[in-house]
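Novice: All chains should be modelled from the sequences, with the hints used to inform the complete structure.
The listed protein sequences derive, respectively, from chains A and B. If you're matching positions, the first sequence starts at 0 in numbering that gives the first Met the number 0 and goes up one per residue. If you're matching positions, the second sequence starts at 0 in numbering that gives the first Met the number 0 and goes up one per residue.
Everything labelled a hint here was simulated from the structure, so no lab data went into it. Don't take each hint at face value.
To be verified - If you anchor each label on the Cβ, the simulated ranges turn out as follows:
1. B:A157 x A:I126: 25 to 35 angstroms
2. B:R131 x A:V101: 46 to 56 angstroms
3. A:S131 x B:T151: 47 to 57 angstroms
4. B:T151 x A:A94: 45 to 55 angstroms
5. A:A91 x B:E34: 51 to 61 angstroms
Just so it is clear, the structure is predicted and the values come from calculations on it, not from any experiment. The C-beta atom is built at its ideal place from N, Cα and C for all residues, glycine as well.
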Amino acid sequence: MNTPNNPAPSYTGVAKSLHWLMALLLLGLLALGFYMSDLPLSPRKLQLYAWHKWAGITVFLLVLIRLGWRLTHRPPALPALMPPVLRIAAHAGHALLYVLMVAIPLSGWLMSSAKGFQTVWFGVLPIPDLLSKDPALGELLQSVHFSLNLLFIAVLAGHVGAALKHHFIDRDDILVRMLPAIGTETSP
Amino acid sequence: MKIRTALPLIWALATALPLTASAVEYQQIQADKSEITFAYQQMGVNMNGRFRQFSAQLRFDPADPASAQATVDVNLGSIDTGSSEADGEVKGKDWLNIAAFPGARFVSSGIKALGGDRYELTGQLSIKGQSRAISVPLTVVAQGNQAVFEGTFNFKRADFAIGEGVWADFGTVANEIQVRFRMLASGT
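Specialist: What follows is the structure, given as structure tokens:
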């Protein structure tokens, strides 16, 4: 494995920033999404829905940037001694996270269009409606949006659990190399 | 002599005559070919809806527009905002309070010809126990025995106490409401 003289490369600053910025936004969006959908109709609810949609569009743009970065920058390799089954699981898990990070905002956007509520980003920039109004389709997309989020929570739990297992049980650098550089830099 | 060249002219006059000679007075609104819609902004998003039921008493003679009269009654319970949750909300006490004020009414007080097919209609708009004078730019396009009356006007929901309590603030639902109508009337 990696010796102190040969530390494994860390993720780039851009990859780390995007990872943690999106982690914050996604957790916020999940919490807000579950909270707001149970509220009775009120100005507060309309406001929260608007904010959720603005943040959702932001995440959608960020994930596109992140995918672009990921495709042009090779991430650090997995630990050499990792069993092949776990390697496959790790790659599949990451792929699924990316798919969901694209599919979830997209399903929310389509749901909004089908329900007849256009998204106007930060109240300023109108996002085109990809579907025309269709209440039945709106209901369907709402359950799609909800189900995808349940799946996302499950994969996210696996992602966090795996990172913690690598750090505390396997004692490798998988978690550390995604942490901000400050204090984690290995001395040369 | 020139009867041959004059024939088309005579024919044109003869066919045109009945149209100008018979005073068509438009009275009957064809509800299924007419519509009353409204538009407003919610969290910066353009929203719109319509009323399914309305009736109108009309008297409009293109030869004597000054004598025109119109009374339009709108069944506010027939509102269609595009979502059943919002439909339920706007029928309630804070918004239209249809239990106490089931209808909105417009009664014309005057009409001014602006040239061509354009007119300016003035009258009283009554909603939720409040009455306000409004002025409506109107176009009347006659096609033989039928005429299309089309117009748009704006009012402020606060003037009619539409949206009280938590909804009184314009931060989520704007004060300005735009109403469009298109009425197909047939003559007698």
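Novice: Checked against the structure, which of the hints given earlier come out wrong?
Specialist: Of the numbered hints, just 3 does not hold.
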